[in-house]
Amino acid sequence: MSLQTSNDQRDQKGSVGYVTPQEAVIEQPLSLACGIVLPTHSLVYETYGTLNQDRNNAVLICHALSGNQHAAGVYEDDSKPGWWDHYIGPGKPIDSDRFFVVSVNNIGSCFGSTGPNSENPETGKPWGADFPPLRARDWVESQKLLMEYLNINCWAAVIGGSLGGMQAMRWSLEYPDRLKNAVVIASSMKLSAQNIAFNEIARRAIKSDPDFCDGNYLLENKVPHRGLALARMIGHVTYLSDESMGQKFGRDLRMGDLLQGKTDPIEFQIESYLNYQGDKFSGFFDANSYMLITKMLDYFDLAREYNHDPVAAFKHAQCDFLVISFSSDWRFSPSKSQEITDALIAAGKQVSYVAIDSDHGHDAFLLPNQRYREAFGSYLSRVADQIEGIAQ
Amino acid sequence: MNHDIGFIKDWIEPQSRVLDLGCGDGSLLVSLRDQLKVLGYGLEIDPQSISRCLAQGINVIEQDLNKGLKNFADHSFDTVLMTQTLQALRYPHLVLDEMLRIGSKCIVTFPNFGNWRTRAYLSFRGRMPVTKQLAYQWYDTPNIHFFTHTDFEALCKARKINILHRQFLANGFPDKLLKSLCPNLFTEIAVYHLSR
Numbered sequence: 009m010s011l012q013t014s015n016d017q018r019d020q021k022g023s024v025g026y027v028t029p030q031e032a033v034i035e036q037p038l039s040l041a042c043g044i045v046l047p048t049h050s051l052v053y054e055t056y057g058t059l060n061q062d063r064n065n066a067v068l069i070c071h072a073l074s075g076n077q078h079a080a081g082v083y084e085d086d087s088k089p090g091w092w093d094h095y096i097g098p099g100k101p102i103d104s105d106r107f108f109v110v111s112v113n114n115i116g117s118c119f120g121s122t123g124p125n126s127e128n129p130e131t132g133k134p135w136g137a138d139f140p141p142l143r144a145r146d147w148v149e150s151q152k153l154l155m156e157y158l159n160i161n162c163w164a165a166v167i168g169g170s171l172g173g174m175q176a177m178r179w180s181l182e183y184p185d186r187l188k189n190a191v192v193i194a195s196s197m198k199l200s201a202q203n204i205a206f207n208e209i210a211r212r213a214i215k216s217d218p219d220f221c222d223g224n225y226l227l228e229n230k231v232p233h234r235g236l237a238l239a240r241m242i243g244h245v246t247y248l249s250d251e252s253m254g255q256k257f258g259r260d261l262r263m264g265d266l267l268q269g270k271t272d273p274i275e276f277q278i279e280s281y282l283n284y285q286g287d288k289f290s291g292f293f294d295a296n297s298y299m300l301i302t303k304m305l306d307y308f309d310l311a312r313e314y315n316h317d318p319v320a321a322f323k324h325a326q327c328d329f330l331v332i333s334f335s336s337d338w339r340f341s342p343s344k345s346q347e348i349t350d351a352l353i354a355a356g357k358q359v360s361y362v363a364i365d366s367d368h369g370h371d372a373f374l375l376p377n378q379r380y381r382e383a384f385g386s387y388l389s390r391v392a393d394q395i396e397g398i399a400q
Numbered sequence: 015m016n017h018d019i020g021f022i023k024d025w026i027e028p029q030s031r032v033l034d035l036g037c038g039d040g041s042l043l044v045s046l047r048d049q050l051k052v053l054g055y056g057l058e059i060d061p062q063s064i065s066r067c068l069a070q071g072i073n074v075i076e077q078d079l080n081k082g083l084k085n086f087a088d089h090s091f092d093t094v095l096m097t098q099t100l101q102a103l104r105y106p107h108l109v110l111d112e113m114l115r116i117g118s119k120c121i122v123t124f125p126n127f128g129n130w131r132t133r134a135y136l137s138f139r140g141r142m143p144v145t146k147q148l149a150y151q152w153y154d155t156p157n158i159h160f161f162t163h164t165d166f167e168a169l170c171k172a173r174k175i176n177i178l179h180r181q182f183l184a185n186g187f188p189d190k191l192l193k194s195l196c197p198n199l200f201t202e203i204a205v206y207h208l209s210r
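Protein chains in written order, with our numbering: chain Z, 9 to 400; chain S, 15 to 210.
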């Protein structure tokens, strides 16, 4: 336990400090996989570190379902650090002293980039449920436009966990000469039926909320808080493991007791925690974005256009890969990462695979873990060495 | 202790595909990459060794040999290597079969238990040998099989494995001078190049 504390304390050092999001208005049309073209779109992003003279030390951070541009550092009016602050900062694996880190909020999300809450130029009203369906490749296309906007020719690395890892893999196939490394963490080449099932339960929960109004809740001045909270509660359980929930909450009671002869209300700690998490989430995330992005996860299938052959797919890649999994992750289990690794080896690509022991389930990719940090850092430190001419 | 097995590069084609089972810190793969430009991958389970591989740009896959190698396709590598690990595996003969399924050829090295020092240790002290090559107490050792290079060749014959090359290594005196006269008595480390 003391070891864990000291690790956490070390994480507190090496922050990128105060950060401010920026907005890029992309004037080029974005052709989406569904056939719809967005004539322009906005992307909110943050950067950490300095772009070097050769402009070749930029890394792209790809967020997952509920992530956003705020991956590291703190805002002046909010002391809560970015979602990947444990791993991005000076001296951290994604070292902002060496890399120029670009973290973007993707379209369809709800933190300022073009999404369901933005105005549909054709109607002058918010897109709402009519926002075009998205695929992971659409995020990659939009990130490619941001890359050009920032005048970056090649990413030193594209890095992401979960859905973020899917984007990193898609990058390696769509723009093989535009990235040197792909770091694919707690991810998968496609979701399992069980994964899709959980996503559908979440969507059903949102749709069941009368305030959802078929997705047009903004026009009705309503917000489907209850449905979104329930969706998040379901998702949250699947991101944790039985072990971590057992350790953190066990069967502890927050209220009442289980003695016979009493009628007082009883509440388990886990009930209270989950309700709190659900309510908190429904306060800052958008229901239409949740519907849209869970579907995007379901539709992702890396090798679909390659005759369902992942080896044939990865033959197109030119970058090096690092694949990382976590032992207790049952949503994106280590076997899924092993499949990615096996396909990359069979395709003759440079790949390393690290299987981290952790009790924290899928969420482990966000949490402090010494081994994870070491392996991640060793790999990226060599990438930085190569850029700086220290290693071949 | 450190026997130079640099000569195995003569058994490996430049730019071929090499899989090193139990690659440690990746130093062998580094030299094969630098000298022969091989496409190499190492399997390893020790976290520190894995980090050292990553830091050197060696492809390292975290995978336990004892849990099988079924994820590797038949003949997907030109050479499958395993140095000083055979004696530590639960079923060495099955791993050898797997190596020869995955690789066209394979290279193994192992400590020769037939060396006179281990024989003398057991004969005269009546205790299981603790030597430079086998530097563990019997109750706490990764080495769970003890065999000589003659045992190994008998296994190869029984399982129809061809011996393409073999080299006997010894650093000690007089082993170094006498190993070619009586390999089983003076070899410390045996190196075999195999096919099926």
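Simulated from the structure, these hints should not be mistaken for laboratory data. Glycine included, every Cβ here is placed at the ideal spot set by N, Cα and C. Heads up, some of the hints might be wrong.
Claimed, not checked - No more than 30 Å apart at the CA atoms, straight line, and that leaves these computed lysine-lysine pairs for DSBU-like:
#1 Z:Lys288 / Z:Lys215
#2 S:Lys171 / S:Lys190
#3 Z:Lys323 / Z:Lys152
#4 Z:Lys323 / S:Lys84
#5 Z:Lys198 / S:Lys190
#6 Z:Lys303 / Z:Lys133
#7 Z:Lys288 / Z:Lys133
#8 Z:Lys323 / Z:Lys88
#9 Z:Lys323 / S:Lys23
#10 Z:Lys198 / S:Lys84
#11 Z:Lys323 / S:Lys81
#12 Z:Lys323 / S:Lys51
#13 S:Lys51 / Z:Lys188
#14 Z:Lys288 / Z:Lys188
#15 Z:Lys198 / Z:Lys188
#16 S:Lys23 / S:Lys146
#17 S:Lys81 / S:Lys171
#18 Z:Lys256 / Z:Lys88
#19 Z:Lys88 / Z:Lys230
#20 Z:Lys303 / Z:Lys288
#21 S:Lys84 / S:Lys51
Said to hold, decoys possible - What the simulated footprint calls covered on chain S by chain Z, stretch by stretch (three residues with Cβ under 8 Å from a Cβ of chain Z suffice, anywhere in the stretch; the number is not a length):
#22 48-61
#23 95-107
Verification of the supplied hints:
1. Z:Lys288 / Z:Lys215: 19 Å, holds
2. S:Lys171 / S:Lys190: It holds: about 27 Å lies between the C-alpha atoms, which stays within 30 Å.
3. Z:Lys323 / Z:Lys152: 21 Å, holds
4. Z:Lys323 / S:Lys84: The given pair, whose Cα atoms are some 21 Å apart, holds under the 30 Å limit.
5. Z:Lys198 / S:Lys190: 57 Å, violated
6. Z:Lys303 / Z:Lys133: 23 Å, holds
7. Z:Lys288 / Z:Lys133: Given pair lysine 288 of chain Z, lysine 133 of chain Z holds - Cα atoms ~27 Å apart, limit 30 Å.
8. Z:Lys323 / Z:Lys88: 42 Å, violated
9. Z:Lys323 / S:Lys23: 28 Å, holds
10. Z:Lys198 / S:Lys84: Cα-Cα ~22 Å, so holds.
11. Z:Lys323 / S:Lys81: 28 Å, holds
12. Z:Lys323 / S:Lys51: Holds. Lysine 323 of chain Z to lysine 51 of chain S sits at ~19 Å (cutoff 30 Å).
13. S:Lys51 / Z:Lys188: With Cα atoms ~19 Å apart, lysine 51 of chain S and lysine 188 of chain Z stay inside 30 Å; holds.
14. Z:Lys288 / Z:Lys188: Status violated; Cα separation ~38 Å.
15. Z:Lys198 / Z:Lys188: 23 Å, holds
16. S:Lys23 / S:Lys146: Roughly 25 Å between the alpha carbons, so the hint for lysine 23 of chain S and lysine 146 of chain S holds.
17. S:Lys81 / S:Lys171: Roughly 26 Å between the alpha carbons, so the hint for lysine 81 of chain S and lysine 171 of chain S holds.
18. Z:Lys256 / Z:Lys88: Since the Cα atoms of lysine 256 of chain Z and lysine 88 of chain Z sit roughly 22 Å apart, the hinted pair holds (cutoff 30 Å).
19. Z:Lys88 / Z:Lys230: 28 Å, holds
20. Z:Lys303 / Z:Lys288: 22 Å, holds
21. S:Lys84 / S:Lys51: Distance of about 26 Å is within 30 Å: holds.
22. 48-61: Contact hint for the region 48-61 of chain S vs chain Z: holds, 3 residues under 8 Å.
23. 95-107: With 0 residues close enough to chain Z, the hint is violated.
In the structure shown, a violation is registered for the earlier hints numbered 5, 8, 14, 23, in ascending order.
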